[in-house]
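K.L.:
Respectively, the protein sequence lines represent chains E and L. Sequential numbering of the first sequence, starting at 1, is according to my numbering. Sequential numbering of the second sequence, starting at 685, is according to my numbering.
Please keep in mind that the hints were generated in silico from the structure rather than gathered at the bench. It cannot be assumed that every hint is accurate.
To be verified - Non-contacting residues of chain E with respect to chain L, defined by C-beta distances greater than 10 Å in every case (computed): (1) 442; (2) 498; (3) 529; (4) 536; (5) 537; (6) 555; (7) 586; (8) 620; (9) 664; (10) 667; (11) 673.
Stated by the list, open to error - Mimicking DSSO-like on lysine-lysine, the simulated pairs with C-alpha atoms at most 27 Å apart in a straight line are: (12) 648(E) - 894(L); (13) 1108(L) - 659(E); (14) 894(L) - 682(E); (15) 1069(L) - 996(L); (16) 659(E) - 1015(L); (17) 862(L) - 175(E); (18) 859(L) - 175(E); (19) 862(L) - 338(E); (20) 175(E) - 1022(L); (21) 331(E) - 1366(L).
Stated by the list, open to error - Examples of chain E residues lying across from chain L (beta carbon under 8 Å, computed): (22) 276; (23) 539; (24) 672.
Keep in mind the model is a prediction, meaning the values are calculated, not measured. Heads up, the beta-carbon is just placed ideally off N, CA and C, and yes, glycines get one too.
2 protein chains.
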Amino acid sequence: MVKFRASERMVDMLSEEMLTSYRAWLQYEPIEDQSYASNVSAYLKNVAVNLDCDEIIDNALIEWQTALGSMLQMNSAVDVGSELDQGLILKLDASYQEDTYTIDSSENLLTLTGGSSRAILYGIFHVLRLIQQRKSLDNLSIKETPKNKIRMINHWDDMDGSVERGYAGESFFFKDYKFIKDRQRIHDYARLLSSVGINALTINNVNVHKIETELVTDTYLADVKLTSDIFNQYGITMYLSINYAAPIELGVLDTADPLDENVIAFWEKTAKRVYEVVPNLGGFLVKADSENRPGPFTYNRDHAEGANMLGKALEPYGGIVIWRCFVYNNKQDWRDRKTDRARAAYDHFKPLDGKFNDNVVLQIKNGPMDFQVREPVSPLIGELKDTNQFLEFQIAQEYLGQQRHLVYLIPQWKEVLEFDTYAKGKGTKVKDIVSGEVFDNKIAGIVAVSNVGIDYNWTGHTMAQLNLYGYGRLIWNPDLTAEEIAMEWIKQTFGHDPQLIETIMKMVMPSWEAYENYTSPLGIGWMVNVSHHYGPNIDGYEYDMWGTYHYADRNGIGVDRTIATGTGYTGQYYKENQELYESIETCPDELLLFFHHVPYTHVLQSGKTVIQHIYDTHFKGVEQVEEMIEHWTSLEDKIDQRRYQDVKERLEHQLWSAKEWRDTINTYFYRKSGIADEHNRKIY
Amino acid sequence: MVKFRASERMVDMLSEEMLTSYRAWLQYEPIEDQSYASNVSAYLKNVAVNLDCDEIIDNALIEWQTALGSMLQMNSAVDVGSELDQGLILKLDASYQEDTYTIDSSENLLTLTGGSSRAILYGIFHVLRLIQQRKSLDNLSIKETPKNKIRMINHWDDMDGSVERGYAGESFFFKDYKFIKDRQRIHDYARLLSSVGINALTINNVNVHKIETELVTDTYLADVKLTSDIFNQYGITMYLSINYAAPIELGVLDTADPLDENVIAFWEKTAKRVYEVVPNLGGFLVKADSENRPGPFTYNRDHAEGANMLGKALEPYGGIVIWRCFVYNNKQDWRDRKTDRARAAYDHFKPLDGKFNDNVVLQIKNGPMDFQVREPVSPLIGELKDTNQFLEFQIAQEYLGQQRHLVYLIPQWKEVLEFDTYAKGKGTKVKDIVSGEVFDNKIAGIVAVSNVGIDYNWTGHTMAQLNLYGYGRLIWNPDLTAEEIAMEWIKQTFGHDPQLIETIMKMVMPSWEAYENYTSPLGIGWMVNVSHHYGPNIDGYEYDMWGTYHYADRNGIGVDRTIATGTGYTGQYYKENQELYESIETCPDELLLFFHHVPYTHVLQSGKTVIQHIYDTHFKGVEQVEEMIEHWTSLEDKIDQRRYQDVKERLEHQLWSAKEWRDTINTYFYRKSGIADEHNRKIY
């Protein structure tokens, strides 16, 4: 039954030294604590498989044996259909939801019951996670059901091998417009994803260029199928990003009008062929009418007409259409202060609520702009009462240091998930809306842009592995705290030394705040270099067409988005939030400049003036990075050299970059305001 | 003797409609004025060649016959060694300098006497230029000697086919790391160049990348020879840009130390082989220790040691080494206000004066920065008393609108050439130094970066042809006025309609001033987008490492480069200029911010404040572009549609871009200064 040992196949690819990085949180380090080892061993000796095996169960058992072999040097004997006194029993329970599993233990007997093969796989990873954390297996009574039904990753990989907004090397799916033949990386990636409960992904960029348009044609479908199968065997459903203009791009038609008969027929035929070859495909992801991508607007159709046409084409095969809401005017005139990009998603999609097919789902970014270090929650979330929706995060640190800066993203995402929209009165939190519970959606979930590439450690920055890990864990269970998730990850990734754990916790927990401190202040965002989005450039987007302005002058800064005197954006929120943001007195400090234009001398709720806040946070942010470096260097003899050096080099760069941010921002605002730092620190 | 008619070979490549653009100033339009035609015809009926023919003379005669066939539908009979009563006599005079020619006429006999075949070619083009301008050929008594011995073009073409800072399509020398087989373009280019007296060029980028390093090896030498031959046949000597690190790049050695025996031997061997295959090569052009290019600094050697080593290697073959002085710290810290990039060329090369070999020449950019719309003249010019030097201009409009904006560059260059350095007392003008006259240099001249590419009209913007034409004419004779040059060009390019001539003159003459008006003010320069250098970005380079800052704050703007309180840059000039620039009272307005940091309320010599000057010039600059458009559209029925539309579309883009500049600059400085426009015009 056991076909191969995954960790051995890894060895073919990388040196042993690199493998430690590559294994990420699936280290399965040998257990040195003999008392713990002997306590758990009894539960692990045998496995009784009381269910019909499939490839997912195969992979679960391979994982089990690999892990136990590595951690305990034991070979857990697998038997089908037998009963046990000691060991692990696997069984299905048809009354469970698909992804639900329970783990019960008593007297050296561990029972894992799942709603599906995939649930069993998740349960196996759960037990292994417990062991990697050295938790007891005694008297377990665990029931896990994921909060979100669909837990998805989006890749922005192009077929030339590049990754748009990729900071961890090239694609491991594509190179030179071909699928990469060696699929071991994909297999290992599927392991990592399923170990944290991811059950869906797209492999190609939402910006679908010429060649990538052919992914839905026979040119590539056989390869699509091979890739999809690997993910399927880890319980992950694959989707494809498609080009809305495919009928034109492929030279079949001269229109992509969603109401045109030939266009409808084109997509019906395309769907038919795609599902003939790849029957398990999840569906299509579409970025239409966005940042120069074609879409229904070209034909004076609305997004519902566009999405539903595709939805109907996929219906016979159970496929779904994921339609991105990242639609805004990207040819804005900076002179025009009335147009407000923040309004765009709501203005476009709120009027269409209820008009989408059952198998269409709208994908909404967490904030109204674009994955900035600080944004309010998108007001569209809570306003769509009769439309399937996904919440979209970005694990790739496009605006958050591009995986050269250590930034732990879970605290940011938790704020989003815990945000109270008041959509159905107090307590209507984002996490309950996007899970589908509040509005009883048929399709619901969370999606995020991947941060991985072909780098030997997957994510460029070793610490960025935590964001991938944490993403999976958080969307499975949004009630986990950021601390719990980080703690789990540290133990599995770096081991159990208490000083090590405490030190890394001190590095990761304040890292988002530190990044916010030394970059753009008080919710204003942007201030980065154009197009590559790295490093400070305060006016970088100020006189450009992207709708991303700060309006700083010699007196003050900020965007007036109030109903009273501004763009009216605050009116897109439910009353309680509207009032909160509308008033300069109640608007939270950290979002003040997002909602209001204020003088530098305005006194924040913190008691500081805006200008002094800018100076203070920027000096502090750099100090926080200096502390991170101190912490990390104290761990030199507790971590393997490769990972130690990898992180150390990036931290040193982060410090350099943080100083660039600090000095550029402080100098810019000092030059503009003429107001000196109260503490007389060095401003250039 | 006549091998082919050049203009007929052009026809093979382009449609007739495109050919009008392609012919540039060698239109040779049929002469409709019958009285003029009959007056000149007698001079043109026969040609008596009283000299030994070579390929240059061949090409001169081809040009002659092509032109007369086209303009007068006549076939000028060529005879060798005969005497004539009427017609053109060609002869050499050994007492003339190489490029000197005389043209004398009386009673229908035209005598062209040259110091060389090349001088004859120039004389032929001179006569054709007269005819194209409908000038009389009666009683001519012309003697022409070029002011500058070497009159050179630098291409920044890469072998992949791209052109660094190219705005007129790809290279017509290279594609996909090969020489382009069809060399007709090169032939026609050589015609254009020699028609205005250019006698030297490099074909490859000064930034010599990996593959291009092999141009001096047998991989490419046969192709180098073929290309060089075409230019030679028009009196143009070809040079190659070389990679200083070639010994390393080619994998031969692990050092490029100029004092290393093996390095010396490498270059001797390379030179030997190069000259075996391409005996007419002019030599090497080198960009070393500049913008990340390798150089002698790597080995703690100075530039004289680096250049002389190459000089000695070329000496046996009469080759020369052209060594660029564009050396500065491009990893500067913007916080450091003491380091001044403007000082760099002088600081590096002045101490080396007199240390360079006789066959080494230093190539000095016209200004201390980098081809900005307004810079002072490089203080190095006049300080090298015992060193060969070239002055470098840029015809490619890198910072001057990238051939999408109409900017006539001759007025700018004339200011440079007429600048009094006071190197040997009053009246020591740049034009007399770079010509070699002042310091009696063995090698001297002017070089400029090419603005051509494979576009059907050579230069992208039809009007940019004027800058190529004008460059050749100006460096041949710097005493020509900008008006004279423009007038010559208009007549040859567009014809003789008086309204057309007057209108185009009104467009081109103020165009540099207009561009300066709507872009960066008062000599401060930069304020463009990083790396591509197009469009306004006022802080684009402000917090960067390139040494290009404006230091604008809420009170004022400018770089203090005085001896008294600044970087001391003014001290690099001779006393008279030093005093002129050092004092805020005498410093010319147009360079004020280059030399001084002043408040926005500082009153210029013009009587305006700095801030009002900024507003006024920016509103005016846009109006000037609007006037250009009015002028041009008035010519719609006087110009062929292709060229009319080409220019019109670019003018419309220029207007859009000028408005972007105007509004960005005005808004930026209004936000910063808080000072309103006196005339209350729209500032955003």
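K.L.:
Does each hint fit the structure? Answer for all of them.
P.N.:
Each hint tested on the structure:
| no. | hint | result |
| --- | --- | --- |
| 1 | 442 | holds, 48 Å |
| 2 | 498 | holds, 42 Å |
| 3 | 529 | violated, 8 Å |
| 4 | 536 | violated, 7 Å |
| 5 | 537 | violated, 7 Å |
| 6 | 555 | violated, 7 Å |
| 7 | 586 | holds, 28 Å |
| 8 | 620 | holds, 20 Å |
| 9 | 664 | violated, 4 Å |
| 10 | 667 | violated, 7 Å |
| 11 | 673 | violated, 7 Å |
| 12 | 648(E) - 894(L) | violated, 33 Å |
| 13 | 1108(L) - 659(E) | violated, 49 Å |
| 14 | 894(L) - 682(E) | violated, 44 Å |
| 15 | 1069(L) - 996(L) | holds, 21 Å |
| 16 | 659(E) - 1015(L) | holds, 16 Å |
| 17 | 862(L) - 175(E) | holds, 25 Å |
| 18 | 859(L) - 175(E) | holds, 24 Å |
| 19 | 862(L) - 338(E) | violated, 53 Å |
| 20 | 175(E) - 1022(L) | violated, 48 Å |
| 21 | 331(E) - 1366(L) | holds, 21 Å |
| 22 | 276 | violated, 40 Å |
| 23 | 539 | holds, 5 Å |
| 24 | 672 | holds, 6 Å |
When the structure is compared with the earlier hints, violations turn up for hints 3, 4, 5, 6, 9, 10, 11, 12, 13, 14, 19, 20 and 22 and for no others.
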